[in-house]
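Start counting the sequence shown at 1; every next residue gets the next number (my numbering).
Hints in this document: simulated from the structure, not taken from any laboratory.
Ideal Cβ positions, reconstructed from N, Cα and C, are used throughout, including at glycine.
One or more of the hints may lead you astray.
[What the hints assert, rightly or not] Only pairs whose alpha carbons sit at most 27 Å apart, straight line, appear in this in silico DSSO-like list of lysine-lysine: (1) Lys8 <-> Lys71; (2) Lys62 <-> Lys12; (3) Lys80 <-> Lys62; (4) Lys52 <-> Lys69; (5) Lys52 <-> Lys12; (6) Lys80 <-> Lys12; (7) Lys71 <-> Lys52; (8) Lys52 <-> Lys8; (9) Lys69 <-> Lys80; (10) Lys52 <-> Lys62; (11) Lys52 <-> Lys80; (12) Lys8 <-> Lys80.
[To be verified] Ranges between beta-carbon positions, derived for each pair: (13) Ser15 <-> Ser70: 28 to 36 Å; (14) Ile89 <-> Glu61: 31 to 39 Å; (15) Lys71 <-> Asp95: 15 to 23 Å; (16) Asp95 <-> Glu58: 17 to 25 Å; (17) Glu67 <-> Asp95: 28 to 36 Å.
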Amino acid sequence: MKELVITKEDTKKLSLLFSHLSDLRLRTLLFLLYNNGASFQSTLVKKIGTEKVLETLELMEKWRLVERKSKTIYLTSLGKAVVEACINILEVMKDET
1 MKELVITKED
11 TKKLSLLFSH
21 LSDLRLRTLL
31 FLLYNNGASF
41 QSTLVKKIGT
51 EKVLETLELM
61 EKWRLVERKS
71 KTIYLTSLGK
81 AVVEACINIL
91 EVMKDET
C-alpha cells in the first residue's frame with residue numbers, strides 16, 4: 001500500500017475542508033454522499049458551485065475519503081468516519097457560541 005504523506009499544503013487544504021463543511025449547502029452534499037452517494041451532475045452540485053465542490057472532493061479523493069464509480073462518488077468507510085468527526089466538531093463549536 002502506498003504511503004500517504006500529508007504536506008503543509010494539505011494541512012491548509014484540510015482547514016479549507018472545515019470551512020467548506022460550515023457551508024450548509026456543502027454539508028448537505030456531504031450528507032448525501034454519507035447516505036447514498038451523489039452524482040457530479042446532480043442539481044445540488046450545480047447549486048453549490050462546481051469549483052468549491054470539486055476542490056473539496058479532490059482533497060477527499062487524495063486522502064481516500066471518497067471513491068468514484070462512473071459519474072457517482074461515494075464516501076469510503078474512512079471518509080464516513082472523517083465526515084462524522086467534522087460534523088461532530090462543528091456541532092460542538094456551534095454549541096459553544
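Quiz item: Hint by hint, which ones does this structure get wrong, listed from lowest number up?
Solution: Violated: hints 1, 14, 15 and 16.
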